[in-house]
Amino acid sequence: MNAKKSRLLLRHLVLILILSGTLLVFSNLRPSTLLAASSPNPRAALTKYDTYKIGLQEPLSGPMGSIGQDESAAFNIAINEINAQGGVDGIKFEPDIEDNLATADGGIAAFNKMVELDKVPIMEVGFTAPVRAEAALATKHEAVIINCGAFSPALLGISPYLFQILTSANDEYSLMFYFVSNVLHLKRVGVVWRNDDTGSTGIAYIKKIASKAGIDIVGDEPINTGSSDFKAEVAKARSWNAEFIYLVSGGEMSTFLQQATAGGLTVPFGCYSSQMGHSDIQKATAENHLVVYYTSADISPDKYPMVKAFADKYAAATGGQPASGQVNTYDFPYLVADLINLSKQQGGEYYTGARLRDALLKQLNFTLHSGIQITFDPQTGGSHQPMVIYKTTGDAQGKFVSNVVASYTLDQINNLPDYP
Amino acid sequence: MGLLLQLVIDGLANGGVYGIVGITLALIINTKKTFHIAHGGVFVFAGFIAWAFIYDAGLSLWLSVILTVIGAAVAGILIELLVYRPIGRRSSSPLPGLLASIGVMYILQSAMSIIFGTYPKIIKVQKTYVLGAISFTNVYVAAVIAFILCCLTIYVFLNKTKLGIHTKAVCENPRLSKIWGINSIRIEFSVMAIGSALLGIASLLQTADIGITAYAGWNVILIGLMAYLIGGMGSIFGAGLIGLCLGVIQAVIPWKIPNIWTPFILFTIIFVFMVVRHRGLFGRKIWTHEV
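From first to last, the protein sequence lines are chains A and B. Counting from 5, one number per residue, gives the positions in the first sequence under this note's numbering. Counting from 17, one number per residue, gives the positions in the second sequence under this note's numbering.
Warning: the hint list may mix true and false statements.
Quick list of the computed label-pair ranges, beta carbon to beta carbon [claimed, not checked]:
hint : chain 1 : residue 1 : chain 2 : residue 2 : range
1    : B       : Lys272    : A       : Ala208    : 47 to 53 Å
2    : A       : Ile112    : B       : Ser107    : 37 to 43 Å
3    : B       : Leu114    : A       : Asp316    : 24 to 30 Å
4    : A       : Pro309    : B       : Tyr145    : 48 to 54 Å
5    : A       : Ile112    : B       : Tyr145    : 48 to 54 Å
6    : A       : Ala313    : B       : Val157    : 48 to 54 Å
7    : B       : Val157    : A       : Gln401    : 24 to 30 Å
8    : B       : Gly119    : A       : Ser215    : 28 to 34 Å
Derived by calculation from the structure, the hints in this document are not laboratory data. No experiment lies behind these values; they were computed from the predicted model shown. Every residue gets a Cβ at the ideal spot worked out from N, C-alpha and C, and that includes glycine.
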């Protein structure tokens with residue numbers, strides 16, 4: 005009986021050892037390794053391309069879903085235009101649009117699908133949390149991320165494969181606080197900021213520059229991502245007796261503006277448009293009879309006729325007016341087309357993340373399809389653009405008047421007196 | 017002090033909505049013995065159809081209110097008919113009903129998100145009154161009045177109507193009431209209809225106050241359940257009163273600290289309270305055996 009038991013025990017031990025060994029072997033294999041084993045090396049196989057796979061990652065569902073839908077519309081307009089003209093040297097773009105839920109987890113899942121399964125070498129990603137989460141993956145997999153929808157300064161320089169064609173939020177804060185102090189001559193400013201990466205880095209930066217601009221921050225209040233009830237924040241903002249309230253980060257800010265008037269908060273507001281979008285700001289301003297100043301990359305249709313052509317198509321598709329973020333998303337496939345042409349000149353397998361990155365770093369200065377000039381910083385992956393400040397005024401009839409009240413060239417932005 | 021008073025006034029407006037959610041949820045849970053999570057979905061549904069009646073169909077406000085209340089009641093009846101009743105026939109465990117209820121809530125929220133988008137929809141009927149440092153709107157006043165009227169409606173229903181008295185009997189002892197010949201199926205349909213209809217009013221008030229989003233259901237149902245648990249299982253009016261108080265407490269917490277701390281502090285208070293007095297404030301001792 006004892007011998008039987010010992011044999012049984014030994015069998016179990018051997019079985020456990022075999023299973024452990026098998027698990028150990030497979031745990032060291034990445035999914036990409038497994039895929040590579042079952043399919044030919046994609047780099048070697050794809051020297052002739054049937055299509056150019058190009059990615060877009062935005063929140064297509066959830067509280068931020070509307071923003072992602074707007075970005076998708078801009079992206080699809082560009083893809084359709086390029087493909088209608090025969091693609092890039094006869095090869096058409098194949099769009100791959102994934103929902104990143106505006107979260108780190110959602111971004112990682114979307115990235116893995118795009119890169120590991122769909123073999124997309126270059127993608128546009130929106131929102132700070134997914135961009136930040138995917139930066140390390142982009143380096144590891146040599147896939148280029150072009151960020152058109154997140155402007156947190158925390159994204160600068162975190163991956164050699166991450167580039168931004170969106171003005172960094174710091175530029176927008178500096179410009180607005182300079183404007184408030186020196187043009188509007190308002191000195192008591194309150195700040196409402198979203199409790200996320202952009203908001204927390206934003207309020208820290210604003211506190212640093214405000215005193216240099218001669219502005220007293222009389223109060224600041226964070227709001228939670230996804231909140232929709234801002235009665236407490238409005239009440240607190242009223243108690244500050246501020247002359248101007250600045251709203252950091254988008255998303256919920258149009259809801260905040262909607263509730264401000266009902267809460268008796270009617271001072272001028274400031275914000276930046278890249279995330280909220282012109283149309284949302286204007287709608288909230290009009291419905292609530294407010295005055296809102298907002299910074300934006302200069303996408304004036306007068307200066308850039310292509311922006312006007314795009315805006316008309318965008319309006320037909322969405323019923324709204326594009327913000328700079330949407331213009332940049334529209335520019336993205338055209339930028340990729342430029343990169344393909346540059347990369348192709350070197351021969352070989354030219355449509356890979358590494359080759360596209362090399363092409364971008366070689367050129368650095370680009371005139372985007374919209375006509376906007378952009379210069380990438382090779383150290384940080386960031387970029388600067390000319391900017392404007394809009395003043396939007398709502399009236400009692402629920403209509404708005406929106407005008408550019410200040411325009412700044414790239415040199416002026418870089419030489420603002422209080423720009424650190 | 018001006019800020020504190022303002023926060024209390026803001027809290028009363030929220031509390032009115034939470035109070036209605038609490039009292040209607042308690043009415044349904046006590047009758048059906050099921051955690052009716054789909055109540056949050058009905059809340060979202062009612063808010064969006066109210067907005068659609070006014071802005072898409074161009075109906076007048078009062079006609080929209082009536083249609084919304086009817087629409088919410090129909091939603092409640094359909095949930096009973098298509099979800100709870102078939103599940104109740106197949107299983108005596110409350111778990112399938114609970115899971116199905118969560119599913120219905122997700123379905124309704126997702127459907128509203130697909131149809132109406134994710135931006136908040138607000139019914140613009142607010143008129144703001146500013147008295148010194150204090151401001152309030154007509155919707156605030158309506159929320160408090162609506163809460164009182166809902167309490168009165170349920171009180172009259174439970175105490176002055178035959179159906180209501182039968183409902184109380186089903187709440188107290190479903191088996192015995194069956195033996196006495198009370199048609200519990202009719203009672204459950206009625207309670208779902210009345211609870212959902214009154215919830216429609218709460219949803220309308222929120223849509224007119226801060227706007228409705230497709231994902232507002234979870235917050236509302238969480239507060240409603242807290243009101244139900246603190247009020248004490250079995251006490252319908254206790255849940256309503258606690259809902260009102262939770263609105264005020266939630267609003268007052270950010271008086272001296274950032275509002276982002278509010279959920280943490282609010283739920284810590286609730287957690288500690290439930291540990292210390294798990295029967296709730298107005299609950300009876302035997303609730304664990306009943307539910």
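Now for the hints, and whether the structure bears them out:
{"no.": "1", "hint": "Lys272/B x Ala208/A: 47 to 53 Å", "result": "violated, 22 Å"}
{"no.": "2", "hint": "Ile112/A x Ser107/B: 37 to 43 Å", "result": "holds, 38 Å"}
{"no.": "3", "hint": "Leu114/B x Asp316/A: 24 to 30 Å", "result": "violated, 51 Å"}
{"no.": "4", "hint": "Pro309/A x Tyr145/B: 48 to 54 Å", "result": "holds, 49 Å"}
{"no.": "5", "hint": "Ile112/A x Tyr145/B: 48 to 54 Å", "result": "holds, 49 Å"}
{"no.": "6", "hint": "Ala313/A x Val157/B: 48 to 54 Å", "result": "holds, 51 Å"}
{"no.": "7", "hint": "Val157/B x Gln401/A: 24 to 30 Å", "result": "holds, 26 Å"}
{"no.": "8", "hint": "Gly119/B x Ser215/A: 28 to 34 Å", "result": "violated, 54 Å"}
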